[in-house]
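Protein chains: 2
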Amino acid sequence: MKKIINQPSDVVNEMLQGMATAHPELLERFSDSQVIHRKADTPDVVGIVSGGGSGHEPSHAGFVGEGMLSAAVCGEVFTSPTPDQILTAIKASDNGKGVFLVIKNYTGDVMNFEMAQELAEAEGIETSSIVVNDDIAIEDSTFTAGKRGVAGTVLMHKIIGYYAKEGKNLDELTEIANKVNDNLNTIGLALTAATVPEVGKPGFDIEDDAFEYGIGIHGEPGYKREKIKPAKEMAKELVSQLKATYNWEAGDSFVVLVNSMGGTPLMELYIFWNDVQQLLADEGIDVKWVKVGELMTSIEMQGLSLTLLKVEDNEWVDALKAPVDVLAW
Amino acid sequence: MKKIINQPSDVVNEMLQGMATAHPELLERFSDSQVIHRKADTPDVVGIVSGGGSGHEPSHAGFVGEGMLSAAVCGEVFTSPTPDQILTAIKASDNGKGVFLVIKNYTGDVMNFEMAQELAEAEGIETSSIVVNDDIAIEDSTFTAGKRGVAGTVLMHKIIGYYAKEGKNLDELTEIANKVNDNLNTIGLALTAATVPEVGKPGFDIEDDAFEYGIGIHGEPGYKREKIKPAKEMAKELVSQLKATYNWEAGDSFVVLVNSMGGTPLMELYIFWNDVQQLLADEGIDVKWVKVGELMTSIEMQGLSLTLLKVEDNEWVDALKAPVDVLAW
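Respectively, the protein sequence lines represent chains A and B.
Going by full-length UniProt numbering, the residue at position 267 of the first sequence is 267; the numbering climbs one at a time, nothing skipped.
Going by full-length UniProt numbering, the residue at position 235 of the second sequence is 235; the numbering climbs one at a time, nothing skipped.
Don't read these hints as lab results, they were simulated from the structure.
Be careful, since some hints might not be right.
The list cannot tell twin chains apart, which means a pair is met if one copy fits it or any two copies do.
[Unchecked claim] Restricting the straight-line Cα-Cα distance to at most 25 Å, the calculated cross-link-like pairs of lysine-lysine (DSS-like) are: (1) Lys-236 / Lys-39; (2) Lys-201 / Lys-232; (3) Lys-147 / Lys-243; (4) Lys-2 / Lys-236; (5) Lys-310 / Lys-91.
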């Protein structure tokens, strides 16, 4: 295993310490906790908390700051954070208006965030939540009942963060989050596997000339393995899966996110987007806004995901375009 | 070669097309050119142009926008752009106050940018330039007389972009750029090699358990190869090289950039920064500001670089902190 780390068991602790000391004006880490929260919190609005296992950086600590998250809970690599850590994040984010939780659909995350919600309610903090399940590749995967939560979660952070800042209450945020989730779908592919530091070897084997559609952000198996082929054919497969899910019509409006799994460089993301753009244009899709970058990764895995959000409310586009003060948007 | 591309010869063209269609409000590509420029240019200030070979994304097109670059010229992968392409960028960026060029020190870049300057002057456009040569690893490298220009170039973009927006003229920008360049030093390391699409295989061989100090952003040889070791020992080597260069004293002020070569994930950058932070604290260095991310890459190479800028003028820190409207800062 070639990585720039010290002890594999220390990677999350050292990473969080590094984030806090690199950006002291923006972020704070509660000492010895796995919680990164905003240094300056806005009073009088609902707090927004997200998190999950580490290894998906910049998710989620890279989105802590004005206009997105109040705090991120960062579990060990590919491991759900514990309820007490999540509770710490909730308490740090409550300004009396309650806290909204954005949870990716993995069984451990859902269980621990729900437990933390119960603990918070017992302490008098009102909470609500959304379980994002945007990955259309696989139903019932290695760590998940139902569809997995993947890169679309970051669009959820951005939209909910915007509405929270606008002063929406917990009920209103819950309604918006459900509507966004219903219109959010993602599908990915991977060329290589990630190596979890404490494991020391790649999470799965893949041939030197192969790639796989539908692999999850923890290396969960996908649905089809093929010999490497041109980007435009990969784009055709992913777009056709999304088309079947939405059953769209010409003139429908979408937002698009092309996300790197970590090891795939920006050059390839833009080449892939160039192919997706042509396919969507052929379908008569009205693309309202596009984001391209590394937002929800799987450590150093090579691959990408394509997320679409059907624009049911034009204000969602304004929400996505609104400026924020975070590290990685 | 496993990459998400179509024809290797089309990668730069398709990437630029993708950038332009993904971000039509921010960026424009002159048709069939290798120039990405700001959609809306600010009148009455000096234009700022940078560029070089592609493969270093987000450098440089990711820094085009308000507060940084007016245009970026994107040559073929690891290949200098031609003088006529650079001239196109200069013409697109001139608002009557002239154009300042930020050039990385590679023999081809320096020659072609200088030729473009002459062509621009012949057309009545005033120009000036800085040749950034921040890499202290190697003197006279594969493509370079003197020290190479690497990640520190992005700090130069940011500082010069700020002063241009503030209304400084060409002479003033030249003076500031020279002062910044004199205080800017970088040193890197690589764990793996990048594969140029048209070459189809890694640019150099490196053992599965080795890494090399001082490798350039085109895979040029470094100065020392070792077995993989803890991040804190890598940090110690890079910091000691920088210390010898600056001959610093306790209390000196610096800005720090930890940059990924492309394939190294954020987790490792922050772990490495955590070690650098402790070493600088031990030296009594006053760290004014820190940037961590993927700014100057070598396609999918795993590795990182550490840049320091000695703060000779506190306004440089304000310049680095000032908000900008670009894709990748």
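Status of each hint after checking the structure:
{"no.": "1", "hint": "Lys-236 / Lys-39", "verdict": "neither (44 Å within a copy, 30 Å between copies)"}
{"no.": "2", "hint": "Lys-201 / Lys-232", "verdict": "between (31 Å within a copy, 22 Å between copies)"}
{"no.": "3", "hint": "Lys-147 / Lys-243", "verdict": "within (17 Å within a copy, 52 Å between copies)"}
{"no.": "4", "hint": "Lys-2 / Lys-236", "verdict": "between (34 Å within a copy, 18 Å between copies)"}
{"no.": "5", "hint": "Lys-310 / Lys-91", "verdict": "neither (34 Å within a copy, 40 Å between copies)"}
In summary, the structure is inconsistent with hints 1 and 5 from the numbered list given earlier, while agreeing with the others.
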